[in-house]
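*Asks:* Chain residues, written in single-letter form:
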Amino acid sequence: MSRGSSLRARFFFILAALALGLSACAPATPAPGPTASPTPVVVEKVVTPTPAPRPREFVLGTSWEVPPAYHGNPFAPGGVGGAWWFVFQPLLIYVPATGEAIPSLAESFEEAPDRITFRLRQTGWSDGTPFTSKDVWASFVLMKLMWNWPGEVDRVETPDERTAVIVWKQPLANPKALISSAPILVNVTAYGKFAEEAAKWLGQTGAEAEEALNKIRQEVSGFKPEKPVAVGPFQVESVSASEMILTKNPHHYAAKNIGIDRIRFLRWTSNEVMWAFHLAGELDASHAAAPKDVADQILQRQPKTRLQLVTDLSEFALLFNLRKAPFNDVRFRKAIAYLIDRDKVREISYYAGLTSAPYSHGVLKSFEEQWLGKDFLGSLTAYNLDPAKAEALLKEMGWTNGPDGKWRDPTGKAPEFEILAQAGATDWILAAEAIATQLNKHFQVRTRTVEPGVYPTTLRGGQFDMAIQFGSAWWGTAHPLTGYYRLYQGEAAEFTGAKDVMATMKGPQGEDVNVAQALDSLLKEPNPERQKAIVRQLAWITNENLPVLSLLEKQLMIFHVDGVRVTGWPAANDPLWTVAPGAIERFYTHLLIQGILKPAP
Amino acid sequence: MGTAAFLGDLLQALRENRRAVVGGLILTGYLLMALVGPALVPLDPTMKYAERFRPPSLAHPLGTDYAGRDVLAQIIHGSRDVLAIAFLTALFTTAVAVGVGTLAGYSGGAVDAVLMLLTNVQLTVPAVPVYLLIGSVFQVRDPIGFAALISLWMWGPLARAVRSQILSLKERDFIEAARVLGLSTFHILFRELFPNLTPFVVIHFIRIMRDAITASVGLIFLGLAPFSPTNWGTMLNLAVFQTGAIYIPNALHYVIAPMAVIVLFQLGAIFFAHGLDEILNPRLRAPA
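Read top to bottom, the protein sequences are chains H and C.
Just so you know, this note's numbering puts 481 at position 481 of the first sequence, and the rest follows in order with no gaps.
Just so you know, this note's numbering puts 741 at position 140 of the second sequence, and the rest follows in order with no gaps.
Just so you know, these hints were derived from the structure itself, not from any lab.
Only a predicted model underlies this, so the values are computations on that prediction, with no experimental measurement involved.
Every residue gets a Cβ at the ideal spot worked out from N, C-alpha and C, and that includes glycine.
You can take every hint at face value.
Label-pair restraints from in silico Cβ distances:
{"hint": "1", "chain 1": "H", "residue 1": "R262", "chain 2": "C", "residue 2": "V722", "range": "47 to 55 Å"}
{"hint": "2", "chain 1": "C", "residue 1": "V622", "chain 2": "H", "residue 2": "D329", "range": "57 to 65 Å"}
{"hint": "3", "chain 1": "C", "residue 1": "M860", "chain 2": "H", "residue 2": "Q444", "range": "27 to 35 Å"}
{"hint": "4", "chain 1": "H", "residue 1": "G462", "chain 2": "C", "residue 2": "A605", "range": "55 to 63 Å"}
{"hint": "5", "chain 1": "H", "residue 1": "L309", "chain 2": "C", "residue 2": "T647", "range": "26 to 34 Å"}
{"hint": "6", "chain 1": "C", "residue 1": "P850", "chain 2": "H", "residue 2": "W147", "range": "44 to 52 Å"}
Heads up, simulated SDA-like pairs for lysine to any residue below, C-alpha to C-alpha not over 25 Å straight-line:
{"hint": "7", "chain 1": "H", "residue 1": "K406", "chain 2": "C", "residue 2": "R681"}
{"hint": "8", "chain 1": "H", "residue 1": "K598", "chain 2": "H", "residue 2": "G281"}
{"hint": "9", "chain 1": "H", "residue 1": "K506", "chain 2": "H", "residue 2": "T381"}
{"hint": "10", "chain 1": "H", "residue 1": "K406", "chain 2": "C", "residue 2": "K649"}
{"hint": "11", "chain 1": "C", "residue 1": "K649", "chain 2": "H", "residue 2": "D386"}
{"hint": "12", "chain 1": "H", "residue 1": "K406", "chain 2": "C", "residue 2": "D743"}
{"hint": "13", "chain 1": "H", "residue 1": "K413", "chain 2": "C", "residue 2": "V738"}
{"hint": "14", "chain 1": "H", "residue 1": "K134", "chain 2": "H", "residue 2": "E161"}
{"hint": "15", "chain 1": "H", "residue 1": "K304", "chain 2": "H", "residue 2": "T578"}
{"hint": "16", "chain 1": "C", "residue 1": "K649", "chain 2": "H", "residue 2": "P387"}
Just a sample of chain C residues kept apart from chain H, beta carbon distances all over 12 Å, derived:
{"hint": "17", "residue": "P662"}
{"hint": "18", "residue": "L673"}
{"hint": "19", "residue": "P727"}
{"hint": "20", "residue": "M860"}
{"hint": "21", "residue": "I863"}
Let's have the full structure, built from the sequences with the hints guiding it.
*Replies:* Structure, rendered in structure tokens:
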């Protein structure tokens with residue numbers, strides 16, 4: 001027998017054996033029995049059970065601690081997770097595009113220079129207790145205790161059960177934006193004992209007070225209820241490693257107005273997982289930033305998906321480590337700025353962004369006109385791609401260009417630099433890589449990714465040359481104060497070291513500007529024109545000293561599906577979309593409470 | 602038998618073993634790619650967004666990447682670092698493993714106990730936390746440092762295997778005879794024992810090279826080594842996770858190209874290692 005026919009014989013043998021095996025698995029055909037008298041045939045009535053109505057759900061992506069680590073205390077690490085803005089609700093919603101404030105947990109409010117008085121809605125927590133002004137008080141006390149935020153609030157007064165008065169330490173530039181970002185988190189029933197104790201000590205100084213406050217902080221952190229008590233429209237029903245289910249809070253004032261029965265969260269581990277969910281039609285909305293080709297695929301494969309671009313009120317930036325040479329020399333930072341084509345970085349890393357070029361003044365691109373104006377912008381240094389200007393600056397510093405085209409420092413050494421990016425942040429990694437590619441013509445530059453858990457620590461510790469991070473960010477506030485605070489006092493300043501090395505800077509007229517004092521003035525200044533003057537001073541300092549190089553204004557890419565599970569999304573030009581930055585779930589919740597977003601027919 | 606005669610026999614055996622020949626050819630191809638490829642195919646890192654994800658063509662035989670750069674040129678230029686890391690890792694790992702295994706097996710007693718305790722610690726403690734700890738203290742900047750980091754927690758299995766071989770070999774008659782003749786420990790180790798270990802070690806050397814490529818990709822993404830855009834693992838990661846090429850029909854070539862070179866290298870290493878095993882291991886050698 002030839003080899004071929006042997007193989008064929010084996011194949012048919014296997015086929016026959018398989019057929020035999022399968023036939024053995026089939027139900028046996030009853031053998032015809034002996035002819036017998038006909039027996040009555042019982043015909044069973046086939047009852048088709050009425051299918052249980054499909055829950056009218058809204059499917060989103062978010063992250064949370066996997067059980068058993070999951071818990072419901074908003075003040076302890078790992079608590080609540082992405083359910084946050086569905087189970088907690090602010091007193092009002094601020095719309096950055098219009099400056100309008102829409103009452104939320106409050107049914108109305110009155111503003112005075114030093115306070116806002118809120119008339120609270122009659123609504124209830126998910127544990128059945130009524131919502132009162134004492135809950136507002138407890139929430140703000142515990143926020144101050146645990147986060148030392150919001151520092152602008154002096155006290156919360158509770159003249160009666162349905163009236164809460166938030167009193168500021170001094171008049172504020174934009175108090176409604178602040179209130180919009182501070183949801184009511186706890187009720188006095190569960191957390192009152194902590195708030196009462198904390199209130200006795202907050203505001204006091206000295207070792208005894210600090211010891212007492214630390215003790216309360218530990219007690220609060222150690223309190224781990226299984227689920228959060230919700231004052232928002234939804235409550236946590238179940239949490240697993242892959243899904244979190246929220247159902248309606250039956251005591252919420254808008255429970256009847258909300259057409260959606262439940263929120264189903266799929267686990268958001270990374271952007272590409274969300275892309276896959278969108279491509280498969282599993283999600284109703286997400287803001288997973290996607291490269292252009294992926295976004296096109298999603299829109300093409302799921303025709304009911306739409307893409308809304310809305311400013312995230314934040315920007316990506318290249319952070320410089322101002323503590324170390326050569327980044328501590330402004331000429332070197334400017335040289336770097338002249339060597340990067342920022343529009344190319346935008347194309348590769350975040351095509352939906354708005355390039356920050358040619359400036360880096362700390363005001364978001366889409367607000368340039370409003371705060372700075374064309375004339376002022378013309379007075380700033382423009383950092384377009386210009387290797388000749390970079391060369392002049394580097395030569396002024398004593399650097400020389402080697403035969404390989406790479407620059408050498410005054411000691412003759414060709415330095416190697418690293419750009420850090422957070423692992424998993426796809427757009428940041430691509431931005432770092434695009435910059436490294438451009439700078440590699442002039443220096444040895446490599447990208448290094450760092451795990452998210454240690455990324456902030458690495459930057460705070462100054463263990464970097466350059467890094468991709470948010471630069472100026474106005475999350476939710478739509479005001480430059482937040483961005484400048486971040487650049488000179490907040491997180492970005494801690495990363496770059498600007499808090500220490502840029503405390504006093506020269507202003508546009510050569511005057512000494514104490515940056516912290518300028519920020520304080522901006523915080524307290526109610527007059528819009530005087531605010532603009534301070535912003536311009538800070539913009540000039542930022543652009544001429546480059547604590548960071550702004551890369552692009554981030555625009556949220558909100559993929560949303562209309563007509564599958566939900567319908568009624570706002571029109572593309574609706575200012576409500578601008579509620580999304582900083583807390584997109586707050587935007588979704590607002591749409592549900594208002595009955596704008598409804599189940600699809 | 603002289604070295605020349607041994608090599609001649611080895612070459613003859615290699616020629617007769619098809620698996621080894623195929624594996625050898627693949628590995629030689631990779632070696633040539635790393636040595637002469639970069640000189641023949643220049644790498645232009647300029648980003649041309651409008652030319653991204655172009656399909657394979659005469660101008661770009663493996664298409665272009667997310668920034669419009671030639672994929673083939675990236676693979677060729679990446680091969681040097683990838684193979685250098687793989688080779689150096691295998692070199693460092695083998696050196697440490699053979700040293701530890703030989704010392705433990707030949708000395709016995711307390712030395713053996715201490716060295717095996719260390720080996721067992723290395724085998725039982727997971728590598729990633731150790732890499733994280735070391736990577737946070739020392740910065741990896743070049744292939745040598747990278748290979749040293751990977752080797753640090755890779756030598757255990759081979760050290761144990763070498764110790765077993767030594768324990769077995771040192772009881773053989775020819776070693777006993779060497780001892781009776783009063784030959785030095787140096788002679789026994791380097792002239793009697795090591796030649797018998799060589800085939801075993803060579804096979805493991807190739808396997809370690811293969812494992813090092815996989816480990817290097819993991820370390821880059823833990824942030825313990827600089828991100829190298831032409832590293833094949835990095836290319837694959839960029840394709841699958843960062844740029845979403847896996848979801849874009851026009852871009853599948855960008856996913857497949859680095860995957861194919863990694864798989865082909867692994868295949869070549871496996872074939873060559875197995876072929877060598879068959880040739881050098883008398884128990885596996887086919888009867889003449």
